[in-house]
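Please model the complete structure; the sequences and the hints are all you need to start from.
Chains as they are written, first to last, in this note's numbering: chain A, 775 to 1120; chain B, 775 to 1120.
Calculated from the structure, these hints are not laboratory results. All C-beta atoms, glycine included, are put in the ideal place defined by N, C-alpha and C. A hint or two may mislead.
Unchecked claim - With the C-beta cut set under 10 Å, the calculated list includes, among others, these residues of chain A facing chain B: (1) P811; (2) N833; (3) H883; (4) D885; (5) D1003; (6) E1007; (7) L1061.
There are 2 protein chains.
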Amino acid sequence: MATPGARRDTGRPTLETVAAQAGVSRSLVSLVLNNSPKVSPASREAVLRAVADLGYRPNAAARRLAERRSRTVGVLLNDLRQPWFADMLDGLGPVLYGAGKHMLLGDGHIDQLMDETLTWSFLDFGVDGLVLAGSIPLSAAVVSIARSIPTVAVGGRGLDLDLPHVDVLANDNERGATLVVEHLTGLGHTRIAHVSGLPSVAGRLRMQGYQDAMRAAGLGADVLIEHGDMSEEGGYRATVRLLSRPDRPTAIFAANDLTCVGALSAATALGVRVPDEVSLAGFDNSLFARLRALWLTSVDGTAHLMGRQAGQMLLERIERPSAPGQIRLLPPRLEVRGSTGPAPAR
Amino acid sequence: MATPGARRDTGRPTLETVAAQAGVSRSLVSLVLNNSPKVSPASREAVLRAVADLGYRPNAAARRLAERRSRTVGVLLNDLRQPWFADMLDGLGPVLYGAGKHMLLGDGHIDQLMDETLTWSFLDFGVDGLVLAGSIPLSAAVVSIARSIPTVAVGGRGLDLDLPHVDVLANDNERGATLVVEHLTGLGHTRIAHVSGLPSVAGRLRMQGYQDAMRAAGLGADVLIEHGDMSEEGGYRATVRLLSRPDRPTAIFAANDLTCVGALSAATALGVRVPDEVSLAGFDNSLFARLRALWLTSVDGTAHLMGRQAGQMLLERIERPSAPGQIRLLPPRLEVRGSTGPAPAR
DNA sequence: CCGTGAGGTTGGATCGCTCCAACGGCGGGA
DNA sequence: TCCCGCCGTTGGAGCGATCCAACCTCACGG
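Have a look at this one:
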């Protein structure tokens, strides 16, 4: 695919073009574009008009090359399918754009299949900062990047990240689990089981929170855990096992909404009425939980707020890259819906 | 080599560094990296070792500036919340990466809030091509971009795009609607209603397909449409209206899965059993439709395949930018699940 | 013995921008 | 009147890559 011969002229106006049109020098145009205070109103006016007339837009690559920074941050999501990303991004975007930064999105899931080209390309591109969202697997590429540029991890993974200058912003998963247990005990439940979502850090913390809260409520002996895997299928299977026990639980706390949906299906399939005979609670307050047909009580991780805060933390870190990394936990909120109700009379 | 006014040295190795280490010239290193055939095995070896030793990675901005192309395509999604994007991207990603292109993702929804900075930044960055996914509103920015660089529109919008050199790849929405109607008539239904999703082009086409298919089945007189808006809420309301009629339909074709979920809730709320008393079918075969607890019959738009094809079309268009734009429709598939069943005996 | 061409290799120009040192004009203080 | 400082402005040197024309070896045929 070698294209021999003359380099094509793209025809797009450059600084040079604008300068000529405005009758000033390249440098002056540059100063105007970066709104330097030391430009006379007259020149500024002339330049701006030339810019408008020509429809000039600066070449990002050239700017990046000269400036040695890209005014761009990379956002690595672990799987676009996770609904909370959208909310998180809605919070993150405005903060970054407000600071004059652009956002590059990448899907870590696809990236993995692609031999991490994306992650590397973030580095090659020279992003000024990186947001790791969700439980990104700590591949060599990611670690290497996180070590060399300002990074904030938001969401699930990260608490065990243990990199010196990386900030971590997460849901207080343990607190969320506590909220659920308190809600359920408040309704009179004692046999409260948990369907875990173990592979992930978030899952582990939620399980931990469940155990602690149960003990704190004096229900340490009633702790009952079946393992799921954060999927609907896993939730279904685990719940079938739970509801088949002779001393079946009257309430189930699922590690996430998808698991909870699985639990709901299982209860329906076994003819156990929700919430009359068994209460179900999920985690994430995702779109699923909000569907009328499901209407699940769920812990809200305040994704939007997390996005905003992640943005601010990243901007601060870009300012002072070597500040010690901090961990910030956001308090979750319980959204009570139709899947939980009073414990059945014995 | 006294460099006056020394700018900060980032410490990252450059071509120069590698060349020095390998004892050859910059140019040779460049040739090796672009695997030119005219390099002696010895030099190639030496260069590659130096690259590995130094951990050299080419600077994307510099490359882009010199090459005048970015090896990158922009993907503008209209709203990350749409589940089919993930599947589409799973199809698109490998094709593009396979051709040595990177992918920049952008969320048009956020972008709108942000005054279209993203869209412009794609242009500034100099993406080689653009994928418009879903029903992107045709803002000035988008139109201007689509006019100046190779673009493929995939998914909902686009059929009415009417830009000379833009390819359009879409679901055959009308055919999908036909599949549903045929499935339902095959089950003995005649009073088949439709909950539309009008604002969007896809919604209009699905409605059109429904009408045509009804007529083709000799049920032109039974055409019954209530307007929804592609949301759960809209589906709920429309279905309440439909099921409250004296001659209530025995089957409802919803414009998308979310609408169908709303319809399901409405049926449940009104005490109408699904599928015994009313059959429901959706469109998109999204995660919702696949949830056991909902288990909706739905039209599958083969998002993964669309992604793959969109990638190929874009690559071709990048090769020959001025070829006439083509429109390609992909045949959908009906995924039959638990929400449809035989028409109730009269 | 020399011209020739192919195979490798090299320097330098270039991409479009930023940044810095230097420069010209103008007004005010000595 | 002269000098100095300040404000605006300018040319030029990078940034880190690509690419082309020029160049240097040799091997080989005449």
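Of the hints stated earlier, which fail here? 1, 5
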